[in-house]
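Participant: One letter stands for each residue in the lines below.
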Amino acid sequence: MEKYGLYLGCNIPFKAPDIEQSFRKVFPALGIEVTDLPGAGCCPAWGTAPSFDLTTWCAVSGRNITIAEDLDVPIMTGCNSCFGVLSEAKHFIEADASRKKAVNEKLGLINRQFKGTSDIYHISHVLYEKVGLDKIKESLKYDLSGLKVAVQPGCHILWPSDVYHVKEKNSFFPTQLKELVEALGASAPHYSRLEACCGMGGMRSTDVEKSLELFKTKLLSIKEEIDPDCIVTTCSSCFLQFDMSQKTLKERGEIDFEIPVFYYTQLLALAMGFDPANVAALCVTPRDAIIAEIQSEARKVREQEPLMTLAPSIDR
Amino acid sequence: MPAIVLDSDKIQDSVKRIMEYGGTGVLKCVQCGACSAVCPGVKAGFPVLCRLLIKKLLEGQFEELVEETSTWGCQACNRCTEVCPQGVRPQEVVFAYRRYQASELAFSSSATTSQMNLYGTGHAVFTEAGPLREKVGLPAKAPTSAYDEKAQKEIQTLLDNSPMGELGLF
Chain A
1 MEKYGLYLGC
11 NIPFKAPDIE
21 QSFRKVFPAL
31 GIEVTDLPGA
41 GCCPAWGTAP
51 SFDLTTWCAV
61 SGRNITIAED
71 LDVPIMTGCN
81 SCFGVLSEAK
91 HFIEADASRK
101 KAVNEKLGLI
111 NRQFKGTSDI
121 YHISHVLYEK
131 VGLDKIKESL
141 KYDLSGLKVA
151 VQPGCHILWP
161 SDVYHVKEKN
171 SFFPTQLKEL
181 VEALGASAPH
191 YSRLEACCGM
201 GGMRSTDVEK
211 SLELFKTKLL
221 SIKEEIDPDC
231 IVTTCSSCFL
241 QFDMSQKTLK
251 ERGEIDFEIP
261 VFYYTQLLAL
271 AMGFDPANVA
281 ALCVTPRDAI
291 IAEIQSEARK
301 VREQEPLMTL
311 APSIDR
Chain E
317 MPAIVLDSDK
327 IQDSVKRIME
337 YGGTGVLKCV
347 QCGACSAVCP
357 GVKAGFPVLC
367 RLLIKKLLEG
377 QFEELVEETS
387 TWGCQACNRC
397 TEVCPQGVRP
407 QEVVFAYRRY
417 QASELAFSSS
427 ATTSQMNLYG
437 TGHAVFTEAG
447 PLREKVGLPA
457 KAPTSAYDEK
467 AQKEIQTLLD
477 NSPMGELGLF
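Taken in sequence, the protein lines are chains A and E.
Residues 1 to 316 in our numbering are what the first sequence spells out, letter by letter.
Residues 317 to 486 in our numbering are what the second sequence spells out, letter by letter.
In short, the hints are calculated from the structure, not lab data.
Backbone N, C-alpha and C fix where the C-beta goes; we use that ideal spot for every residue, glycine too.
Careful, some of the hints might be misleading.
Restricting the straight-line Cα-Cα distance to at most 30 angstroms, the calculated cross-link-like pairs of lysine-lysine (DSS-like) are [said to hold, decoys possible]:
1. A:K247 with E:K371
2. A:K15 with E:K359
3. A:K300 with A:K169
4. A:K148 with A:K300
5. E:K451 with A:K250
6. E:K344 with E:K371
7. E:K359 with A:K216
Residues of chain A placed beyond 12 angstroms of chain E at every Cβ, according to the derived structure [what the hints assert, rightly or not]:
8. E20
9. T48
10. K101
11. D134
12. S145
13. G154
14. S171
15. T175
16. G185
17. R204
18. K218
19. A281
20. A298
21. R299
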């Protein structure tokens with residue numbers, strides 16, 4: 001039984017805890033043990049330490065990584081930014097002996113030491129490579145055939161591919177999320193701006209109008225080219241941008257539609273039969289109708305609740 | 317009259333400083349522009365990123381650019397790193413320049429909040445989410461530094477003993 005340390009980051013536990021709950025429901029049911037990383041903090045976000053000092057970035061990331069090292073588990077995170085920041089920090093520490101020495105001098109101040117024994121994975125990597133599509137298919141209570149999904153992998157899960165353990169064949173034509181969605185029975189057609197940036201992140205804090213313009217270009221591409229039933233992402237920042245900003249554009253009269261948005265494990269959890277009040281409860285863009293459609297009697301392929309190979313990580 | 321005067325001392329100083337801040341690949345750049353062609357920041361209207369930023373730095377315009385806001389439009393997506401045929405890692409040059417700007421406190425006041433949050437709670441983004449978390453069946457307090465004084469002290473120690481600590485932000 002494989003065990004992973006769940007690195008939460010900031011947005012998921014504080015802005016979208018239903019995504020966190022979806023991790024805690026689906027992974028044990030798929031045979032992956034999830035353990036907390038107590039006291040883990042911010043990765044740190046690109047606009048903080050990485051923008052001030054490389055060694056400080058590596059030390060703050062290194063501190064988070066040492067929490068997993070102490071528990072002897074690899075890290076998995078559902079936030080693309082955290083995945084990118086932690087992976088790159090680990091790369092910078094390991095690629096340069098003098099950097100590693102400097103980082104460990106800093107970490108020595110708090111009685112920690114970076115060893116490099118914990119690898120870093122994105123939750124979608126764990127689902128795709130470790131769990132596998134077949135096991136996901138076997139776990140489903142509802143079949144999503146006929147639903148059309150626009151996939152949004154996000155940026156930091158794809159680039160720079162030289163520091164990541166799990167790679168796409170072509171990072172500019174990513175297929176892993178498409179395959180994960182198709183495993184649920186839904187279709188995930190290509191659209192021309194599939195790998196494009198959603199505009200969240202530093203850009204949104206620096207200039208919200210430029211961010212929204214980039215977002216709108218992508219959203220219109222999705223709507224005009226494939227007109228999906230929902231948008232599915234494995235990036236919590238993309239989730240927030242798609243969920244929040246459609247309303248903004250609609251209120252301004254710039255779009256006349258709204259497309260429901262899910263984090264992938266939310267869609268998976270719904271298809272596995274978990275309660276939407278736990279795993280898909282918080283959104284700005286309405287999604288009640290599609291949730292009812294997903295968990296409709298007509299789609300039921302199995303009566304029983306998902307097989308719990310392990311106890312849920314939090315049962316309170 | 318030329319728009320800029322090239323000065324070899326200034327160029328050498330610019331290259332040295334950008335490398336010290338982490339942009340170690342800057343001299344490999346051949347100005348092909350592959351990076352800017354895939355950059356969402358450039359696409360969105362932040363022109364002085366990737367190729368153009370590197371060009372200006374290689375012309376010795378180090379201190380002149382300190383107020384340039386384009387660098388803060390970088391999404392840190394690393395598309396540039398992926399496509400660069402020379403191994404420059406352009407994003408590292410952008411971040412290296414940001415580090416110089418940050419050392420001169422040349423960043424937007426909105427970015428200060430994230431630094432304060434990071435120092436106070438260990439999270440750049442933090443809101444009290446107890447009711448939201450309980451609504452979805454999770455404990456009100458996430459198992460992170462936000463509710464862990466020892467963890468916060470550790471993070472504060474790392475930040476206090478860094479160039480960030482010398483800026484008087486905390």
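Participant: Each hint: holds or not?
Facilitator: Evaluated hints:
{"no.": "1", "hint": "A:K247 with E:K371", "verdict": "violated, 40 angstroms"}
{"no.": "2", "hint": "A:K15 with E:K359", "verdict": "holds, 29 angstroms"}
{"no.": "3", "hint": "A:K300 with A:K169", "verdict": "violated, 34 angstroms"}
{"no.": "4", "hint": "A:K148 with A:K300", "verdict": "holds, 18 angstroms"}
{"no.": "5", "hint": "E:K451 with A:K250", "verdict": "holds, 28 angstroms"}
{"no.": "6", "hint": "E:K344 with E:K371", "verdict": "holds, 12 angstroms"}
{"no.": "7", "hint": "E:K359 with A:K216", "verdict": "holds, 13 angstroms"}
{"no.": "8", "hint": "E20", "verdict": "violated, 6 angstroms"}
{"no.": "9", "hint": "T48", "verdict": "violated, 5 angstroms"}
{"no.": "10", "hint": "K101", "verdict": "holds, 15 angstroms"}
{"no.": "11", "hint": "D134", "verdict": "holds, 29 angstroms"}
{"no.": "12", "hint": "S145", "verdict": "holds, 28 angstroms"}
{"no.": "13", "hint": "G154", "verdict": "violated, 9 angstroms"}
{"no.": "14", "hint": "S171", "verdict": "violated, 6 angstroms"}
{"no.": "15", "hint": "T175", "verdict": "holds, 16 angstroms"}
{"no.": "16", "hint": "G185", "verdict": "holds, 25 angstroms"}
{"no.": "17", "hint": "R204", "verdict": "violated, 9 angstroms"}
{"no.": "18", "hint": "K218", "verdict": "violated, 10 angstroms"}
{"no.": "19", "hint": "A281", "verdict": "violated, 5 angstroms"}
{"no.": "20", "hint": "A298", "verdict": "holds, 27 angstroms"}
{"no.": "21", "hint": "R299", "verdict": "holds, 23 angstroms"}
When the structure is compared with the earlier hints, violations turn up for hints 1, 3, 8, 9, 13, 14, 17, 18, 19 and for no others.
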